[in-house]
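As given, the protein sequences belong to chains A and B, one line each in that order.
Take 1 as the starting number for the first sequence in UniProt numbering and just add one per residue.
Take 1 as the starting number for the second sequence in UniProt numbering and just add one per residue.
Hints were generated in silico from the structure; no laboratory data involved.
Some hints here could point you the wrong way.
As a list, the in silico DSS-like pairs of lysine-lysine whose alpha-carbon atoms are at most 30 Å apart [to be verified]: (1) K159/B / K167/A; (2) K68/B / K215/A; (3) K42/B / K200/A; (4) K90/A / K68/B; (5) K215/A / K61/B.
Residue strings, one per chain:
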Amino acid sequence: MEFNENQTQTVLVAEPKVSIDKPELINGSHALIRSLIEEDVETIFGYPGGAIMPVYDAIYDYQDQINHILVRHEQGAAHAAEGFARMTGKVGVCLVTSGPGATNMVTGIADAIIDSTPMVCVIGQVAAHLLGTDAFQETDVIGITIPITKWNYQITRADEIPEIMAKAFYIAKSGRPGPVLIDITKNAQQELMSKSYSYKKCESLISYRPRLAPKQHQVEAAAKLINAAKRPFLFVGHGVQIANAEQELLAFIEKTDVPAASTLLGLSSVSVDHPNYVGWLGMHGNYGTNVLTNQCDVIIAIGMRFDDRVTGDLSRYAKQAKVVHIEIDPAEIDKIVKADAPVVGDAKKALEMLLPLLNENRHEAWRAEFKKFDAIENEKITQPELAPTTEKIKMAEVIRMLSNKTKGEAVIVADVGQHQMMTARYYEFKKPNSFITSGGLGTMGYALPAAFGAKVGAPDREVVAMIGDGCFQMTIQELGTIAQSGLPVKIIILNNNFLGMVRQWQQLFHQKRYSFVELQNPDFITIAKGFGIDGHTCGARENLNDSLDKMLASDKPYLLEVLVEKEENVFPMVPTGACVADIRLE
Amino acid sequence: MTTYTICVFTENTIGILNKITTILTRRRINIESLTVSETERKGISRFTIVIRHESRDAVEKLVRQIRKVIEVLAVFGYLNNDIVYNEIALFKISTPIGAKPLDIETINKVYKAWVVYWHLTYVIIQKTGTEEEIFEFFDYIKPHEILEFVRSGRVAVSKSPQTLVDYLPEAEWEYYQ
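All chains should be built: construct the whole structure from the sequences, respecting the hints.
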């Protein structure tokens, strides 16, 4: 009988062969796991299936070195890896099968690229000889994920694995981080390598050379603008946290005395207690930060990309200001807002180089202007939200009470919608690296798996997921993952029985035509208990304090459902297409 | 609308065309012409992409986005003035018995085009030149029946004395012998 090459490949055994005179040859799956260990991967979020089974067989041998966490849906694996990566700064690793396993990852990968989250997704694929034949669970994952990955690659031979994995981790982590997808055909997982396994970490690539240290002349031009500024305004983006540049940023703020505002993903990089911190930017950001964006003379933007939710109408955005843009991704320079002094480089390195060139400065009068706006915002919005006269609980009170109880030092993972904006507004972040949310993609269902991933990454920190009733039902199955792990993730559902943000827009811009936004919700507590997670519902203001205490005191995962005001709106608000200076307070 | 020629140097591996075109598609930029082939350096491909756009700013942003593709070594955007460029066109012209004969002298001397294949009932003429020159010849030859016409993508070389090596000094190139 004749065997063709493909048939013989499937006969090869997964066991590593050791012999005296020949080098040790291992198969692709073992090479893959060893590569992960070389990259100091301790945790994998995954879900097995046909095309990835050889790798799962190999993991069985490495359980003492790698902690594999079985999620309940591949999207959960992606978001958990994101949460882990955002928390630790390490690369989040996912392992899933071909076809639906891969397509279920797509939302998470798209989320990771837009929020610059380092991730390596290893995905099984049908055997190479079946590619293009519409084989069972075959999908063109490479084609699908080109626009949403930093890099993707299909491995079809076991020999490629060590080098490609080294490249994958280098690309995911360096420069502006992002997701890398590695598609491994089943034959590459099964076949033996033709040479002995050796691993060399990738340290550079000829075609990809992210600039860490900015050019001196760019730094000097930036320093000149900052030193001459009368009304400088600092925008702190996600890049500060990614670069671990919080200390340098603090030194910058203290030397220059600039007021500092944060983007959504930049939250927690500067403590709310810092006298120079003036709030956050954008659509539901603070009153003063938005209005004074159009009155400052120099914007110093660090690690941010001028998202449309930050800028509002671009033609009326900060036209009076010169812009210093410190950013590691050269494609972000001038993409939205023209930079007068672009500084391409890592935020930490750029700030280190910038600091000695800056003059000591004082800007008390300019900073005091923010206070005037704060007073108005406080009177019109913040105080009524925090001390409401309504019968039902308001989201803001829950969040502020949680903030006080956790001393502003918990890791808060917010989902997407009104509760997210309320969390950003009312949680008083006092510790860096404490806020994780889906900013760019706005992925509902992000928070539950991401909070779990964050807790895996930082088991010693209190991790609280703030989730809306709509979002919760998008990835509710990950309660199973959390229950199985036993990790004490704290979950708060702010339940208003509405898709609140859409309802708010329908109220404000669509004449209250509430089109498909009201939810008939299940009994969340019963569901949680079904998963083995304890919880309770709080519907009355007088019970809120005890409810939060009970949740925080639990050493197990815990679900607290808070029934909140059904039709509250998030303000201030810069409506789409409006100018930041025209921010609405009601 | 201005014509831009974008030269992209990439690793010569599977799927790079897809990685580049998706960047154009997403920004609703149409490809007017495209040529891809390996360069004088082993394993390095050169893409020559011609696009038309009203905004230079948008093209500059496009170039920076293409640069982000990991396999891309360098990207250059050029205006027509910056480059020497050409295309090649093949015309299959009907020459049935009894038809007006082709004026080969004019075709050769005026239009710098060459008959490269003879058949009983048709000839194939090859014309190299810019898009305009090719269409001038097209208009000239049109009275004879054009059975088939095909035009290649543009190939272009910059007028700058610098080469890719100047932009990537640390690269170790392997040249063909």
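State the violated hints by number, sorted upward, taking the hints as numbered earlier in the document.
1
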